[in-house]
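Letter by letter, the chains look like this.
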Amino acid sequence: MYNKKIRGPLVEGNKTLGQITKEVMKPLEISPGVWWPIAFGISSAAAIYGFYAIYITVTQGIGTWGVNNSVGWGWEIINFVWWIGIGHAGTAFSIFLLILRQKWRTSINRSAEAMTVFAVISAALLPALHMGRVWLVFYIFPYPNTRGPLWVNFNSPLFWDFTAITAYLLISASFWYLGMLPDLATIRDKTTSKVKKAVYGFFSLGWTGSSRHWIRYESLSFILGGIAAVLVVSVHSIVSTDFAVSVEAGWHSTLFPPFFVVGAIFSGFAMVMTLMVLIRKLYHLTDYITDNHMDAIARILVFISLIMGTAYLTELFVAWYSGNEYEIFTFFRNRATGEYTLQFWGMIICNALIPQLFWFKKVRRNWIWLLIVSLFINIGMWLERFNIVVTSLNKDYLPSNWVSYSPTHIDIGVFLGTIGMFACGVLLFMRYIPMMAISELKSVVHIGNKKED
Amino acid sequence: MDRIFKIGVFDEEEKFLSSIKSLQEQNFLIYDVFTPYPIHEVFHLLKRKSRLPTAAYFFGLFGIISTLAFLYYTSVLNWPVVYGGKPFNSFPSFIVVTIILTILTVTIASLALFSYRSKLFPGRENTIFDPRATDDKFVIVVETGAMDITSIEKAGKLMNELGAVEIIEKEFGKVNA
Chain A
1 MYNKKIRGPL VEGNKTLGQI TKEVMKPLEI SPGVWWPIAF GISSAAAIYG FYAIYITVTQ
61 GIGTWGVNNS VGWGWEIINF VWWIGIGHAG TAFSIFLLIL RQKWRTSINR SAEAMTVFAV
121 ISAALLPALH MGRVWLVFYI FPYPNTRGPL WVNFNSPLFW DFTAITAYLL ISASFWYLGM
181 LPDLATIRDK TTSKVKKAVY GFFSLGWTGS SRHWIRYESL SFILGGIAAV LVVSVHSIVS
241 TDFAVSVEAG WHSTLFPPFF VVGAIFSGFA MVMTLMVLIR KLYHLTDYIT DNHMDAIARI
301 LVFISLIMGT AYLTELFVAW YSGNEYEIFT FFRNRATGEY TLQFWGMIIC NALIPQLFWF
361 KKVRRNWIWL LIVSLFINIG MWLERFNIVV TSLNKDYLPS NWVSYSPTHI DIGVFLGTIG
421 MFACGVLLFM RYIPMMAISE LKSVVHIGNK KED
Chain B
1001 MDRIFKIGVF DEEEKFLSSI KSLQEQNFLI YDVFTPYPIH EVFHLLKRKS RLPTAAYFFG
1061 LFGIISTLAF LYYTSVLNWP VVYGGKPFNS FPSFIVVTII LTILTVTIAS LALFSYRSKL
1121 FPGRENTIFD PRATDDKFVI VVETGAMDIT SIEKAGKLMN ELGAVEIIEK EFGKVNA
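Sequence lines, in order, name chains A and B. So that you can map any letter, position 449 of the first sequence is 449 in the working numbering, and since no number is skipped, the others follow by simple counting. So that you can map any letter, position 146 of the second sequence is 1146 in the working numbering, and since no number is skipped, the others follow by simple counting.
Source of the hints: derived by calculation from the structure; they are not laboratory data. It should be emphasised that the depicted structure is a prediction, and the values quoted were computed from it without experimental measurement. Mixed in with the good hints, there may be bad ones.
Calculated lysine to aspartate or glutamate pairs in the EDC-like style (CA-CA distance at most 20 Å, straight line) [to be verified]:
#1 Lys1119/B with Glu12/A
#2 Lys190/A with Glu1153/B
#3 Lys190/A with Glu1041/B
#4 Lys1015/B with Glu1041/B
#5 Lys103/A with Asp291/A
#6 Lys281/A with Glu29/A
#7 Lys194/A with Glu1125/B
#8 Lys1170/B with Glu1153/B
#9 Lys1021/B with Glu1143/B
#10 Lys15/A with Asp287/A
#11 Lys15/A with Glu1014/B
#12 Lys194/A with Glu327/A
#13 Lys103/A with Glu218/A
#14 Lys190/A with Glu12/A
#15 Lys1170/B with Glu1125/B
#16 Lys1021/B with Asp1002/B
#17 Lys1049/B with Glu218/A
#18 Lys1170/B with Glu1025/B
#19 Lys26/A with Asp1136/B
#20 Lys1154/B with Glu1025/B
#21 Lys1021/B with Glu1171/B
#22 Lys22/A with Asp1011/B
#23 Lys103/A with Glu12/A
#24 Lys15/A with Asp1011/B
#25 Lys1047/B with Glu218/A
#26 Lys197/A with Glu1125/B
#27 Lys190/A with Glu1014/B
#28 Lys15/A with Glu1012/B
#29 Lys22/A with Glu1012/B
#30 Lys196/A with Glu1041/B
#31 Lys15/A with Glu1125/B
#32 Lys15/A with Glu1013/B
#33 Lys22/A with Asp1136/B
#34 Lys197/A with Asp1136/B
#35 Lys103/A with Glu1041/B
#36 Lys190/A with Glu1166/B
#37 Lys22/A with Glu12/A
#38 Lys1154/B with Glu1171/B
#39 Lys1047/B with Glu1025/B
#40 Lys1157/B with Glu1041/B
Kindly generate the complete structure, drawing on both the sequences and the hints.
Okay, here's the thing in structure tokens:
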């Protein structure tokens, strides 16, 4: 059970129910200040650059990218795995913590889920582009066609991946929307603007908060939560099989599925932390997203960081212990001491060492430190994917195939574009949708605040 | 004919709950209650149950069977292709797709059933007895159709005594709920 003496109240400041509604709705009603249009302008510019890069890719082909015959997967796959990893935060937050009855999730889950939806959209774009002829993307759907009918290969991890990500996007979006219904109804009933009343009324689907609605709502949340908990584990496991099934040194490993899942939750939580630190400062929501919340995320991060460190060591150990010369070459020559040393040691430092700062309470309670460390983790996780994708491919079994890899400005443009789209999405979310689940906050507001608890 | 409802608005959860109990003890017909967040005691008192979990179980069963049947049909019957020397019915590698499509089926079907049973869909306008119920008030709605005037008064009085901040009487031509 929740021990308030140790963990403090979930919502500080002895709020009344009316106060919660008012304060969470405030960012929707007042103009957010000059930073919002500036941030939105920068994000849109990045997104537009991304659209330009995508236009070049589609019209001229993926020859405009830095990929070549040996390194057939470049930045797009790195970024795809990176975004999908970030997209695990939402489900990890809302679903794992829902099932484990961790009530501190209430102030964070809405934003984490929003982030998930935008990150998965960014991610899904990249493999589609990587197909080259993106207009034939529908070939991957198993539908009765005139080519045989030639069905897709159901044994292929690439098809599993497609299924997993499509399902993940649909399910996390529906879970997000379901959680929003009571809050959209709250806005509908509170707002004075006629336009808002009509729009939020339309999207609130006629929610009234009756006991009949609530019992089905709760029951559905637990069904979706329980069943989607599998997805938290399965989606990134499946992404890892894209690599692990192929016979490449550095990829062909049974460690990959758990390693990828943990890595995904790691990067997702880090991204949640980055955004939460900024949101609670910009919107003055420190009563809701308390220091204890940030502390809890930091503790999870330090724990996962240890797992990541162990996984890196295990990979090195197994490569050496297997006695396989290609494995040894890939890990000890190509990664740890070769051309991509910077990426390898950057990954170790950012993911396994820097998060150890979270052992100190002072670091866990200081928002600047939290921001810095979480940014380092985001970078470290990107470097990890770079290591996995590029260093296994650029020097494989045949030395005549050895090449270097560097991205072109189109690769970079596509990446910046996805960041821009993600940021635009998050900014619009902050402006038009309540950032925290108002109804859930109301049900936990008494925890730790009343004398008898 | 217009339906008339006696509506009690409460500030506090405890008073609201004890009001429900008293109203039930005196055999008043509670039409429904409206709260800003789910309260489990309300579900017990009003004997609300949801059969969604049972339905979800069958959706899952349907998802598993139909996915496996589809994979078997495409890979064994309709157009068998040997991939990597594996048997046509390579069951273990069908499991991944089966799990995911089962989850997807359960999600979409349960959402659809939820939307149908709760009558929640885009643009739907359900009757709002008191708009403050989605903000910070707890609302009890008593159906007065079969009651005489004295017992209607009694219901209002009872809720007032138990701490309602406001008692309203409203008429609705048609109730959407």
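Taking the hints in turn, this is what the structure says about them:
1. At most 20 Å may separate the alpha-carbon atoms for a hinted pair to count; lysine 1119/B and glutamate 12/A exceed this at roughly 36 Å.
2. Pair hint lysine 190/A plus glutamate 1153/B does not hold up; C-alpha atoms about 30 Å apart against a cutoff of 20 Å.
3. The hinted pair formed by lysine 190/A and glutamate 1041/B fails the criterion: a straight-line CA distance of about 27 Å is larger than 20 Å.
4. For the hint pairing lysine 1015/B with glutamate 1041/B, the CA-to-CA distance comes to about 13 Å; that is within 20 Å, so the pair holds.
5. Between the alpha carbons of lysine 103/A and aspartate 291/A the distance comes to roughly 15 Å, so the proposed pair stays at or under 20 Å and holds.
6. Under the criterion of a C-alpha separation no larger than 20 Å, the hint pairing lysine 281/A with glutamate 29/A is consistent with the structure, at around 18 Å.
7. Simply put, lysine 194/A and glutamate 1125/B have alpha-carbon atoms about 15 Å apart, close enough for the 20 Å limit, and the pair holds.
8. At roughly 14 Å between alpha-carbon atoms, lysine 1170/B and glutamate 1153/B fall within 20 Å of each other, so this suggested pair holds.
9. Restraint check: the Cα-Cα separation between lysine 1021/B and glutamate 1143/B comes to about 16 Å, which is no more than 20 Å; the hinted pair holds.
10. A hinted pair counts as satisfied when its Cα atoms are at most 20 Å apart, and lysine 15/A with aspartate 287/A qualifies at roughly 9 Å.
11. Proposed proximity of lysine 15/A and glutamate 1014/B is supported: the alpha carbons are some 17 Å apart, at most 20 Å.
12. Of the supplied pair hints, the one linking lysine 194/A and glutamate 327/A is violated, its CA atoms being roughly 65 Å apart against a limit of 20 Å.
13. Proximity of lysine 103/A to glutamate 218/A is assessed by CA-CA distance (about 15 Å); at most 20 Å being required, the pair is judged to hold.
14. This hinted pair does not check out: lysine 190/A and glutamate 12/A have alpha carbons roughly 24 Å apart, beyond 20 Å.
15. Of the pairs offered as hints, the one joining lysine 1170/B and glutamate 1125/B holds, with about 18 Å between alpha carbons and a cut-off of 20 Å not exceeded.
16. Note on lysine 1021/B and aspartate 1002/B: the hinted pairing is violated, with a Cα-Cα distance of about 27 Å set against a maximum of 20 Å.
17. In summary, the hint linking lysine 1049/B to glutamate 218/A is supported, as the alpha carbons are separated by about 11 Å, within the 20 Å threshold.
18. A distance of roughly 24 Å separates the Cα atoms of lysine 1170/B and glutamate 1025/B; the hinted pair therefore is violated under the 20 Å criterion.
19. A distance of roughly 16 Å separates the Cα atoms of lysine 26/A and aspartate 1136/B; the hinted pair therefore holds under the 20 Å criterion.
20. Annotation: proposed proximity of lysine 1154/B to glutamate 1025/B holds, straight-line Cα distance about 13 Å (limit 20 Å).
21. Of the supplied pair hints, the one linking lysine 1021/B and glutamate 1171/B is violated, its CA atoms being roughly 25 Å apart against a limit of 20 Å.
22. With a C-alpha separation of about 16 Å, the suggested pair lysine 22/A and aspartate 1011/B falls inside the 20 Å cut-off, and the hint holds.
23. At roughly 14 Å between alpha-carbon atoms, lysine 103/A and glutamate 12/A fall within 20 Å of each other, so this suggested pair holds.
24. Proposed proximity of lysine 15/A and aspartate 1011/B is supported: the alpha carbons are some 14 Å apart, at most 20 Å.
25. The suggested pairing of lysine 1047/B with glutamate 218/A holds, with an alpha-carbon distance near 15 Å, which does not exceed 20 Å.
26. About 12 Å separates the Cα atoms of lysine 197/A and glutamate 1125/B, which keeps this hinted pair within 20 Å; it holds.
27. A distance of roughly 24 Å separates the Cα atoms of lysine 190/A and glutamate 1014/B; the hinted pair therefore is violated under the 20 Å criterion.
28. Among the hinted pairs, lysine 15/A with glutamate 1012/B is consistent with the structure: their alpha-carbon atoms are about 14 Å apart, no more than 20 Å.
29. Our distance criterion of 20 Å between C-alpha atoms is met by lysine 22/A and glutamate 1012/B, whose separation comes to about 18 Å.
30. Only pairs whose Cα atoms come within 20 Å are accepted, and lysine 196/A paired with glutamate 1041/B is rejected, the gap being roughly 34 Å.
31. With a C-alpha separation of about 31 Å, the suggested pair lysine 15/A and glutamate 1125/B falls outside the 20 Å cut-off, and the hint is violated.
32. The hinted pair formed by lysine 15/A and glutamate 1013/B meets the criterion: a straight-line CA distance of about 15 Å does not exceed 20 Å.
33. A distance of roughly 10 Å separates the Cα atoms of lysine 22/A and aspartate 1136/B; the hinted pair therefore holds under the 20 Å criterion.
34. Distance hint between lysine 197/A and aspartate 1136/B is fulfilled; the C-alpha atoms sit about 18 Å from each other, no more than 20 Å.
35. For the proposed pair lysine 103/A and glutamate 1041/B, the alpha carbon gap of about 19 Å is at most 20 Å, so the pair holds.
36. With a CA separation close to 19 Å, the supplied pair lysine 190/A and glutamate 1166/B stays within the 20 Å bound.
37. This hinted pair checks out: lysine 22/A and glutamate 12/A have alpha carbons roughly 15 Å apart, not beyond 20 Å.
38. Among the hinted pairs, lysine 1154/B with glutamate 1171/B is consistent with the structure: their alpha-carbon atoms are about 18 Å apart, no more than 20 Å.
39. Our distance criterion of 20 Å between C-alpha atoms is met by lysine 1047/B and glutamate 1025/B, whose separation comes to about 14 Å.
40. In summary, the hint linking lysine 1157/B to glutamate 1041/B is not supported, as the alpha carbons are separated by about 23 Å, beyond the 20 Å threshold.
The earlier numbered hints that this structure contradicts are 1, 2, 3, 12, 14, 16, 18, 21, 27, 30, 31, 40.
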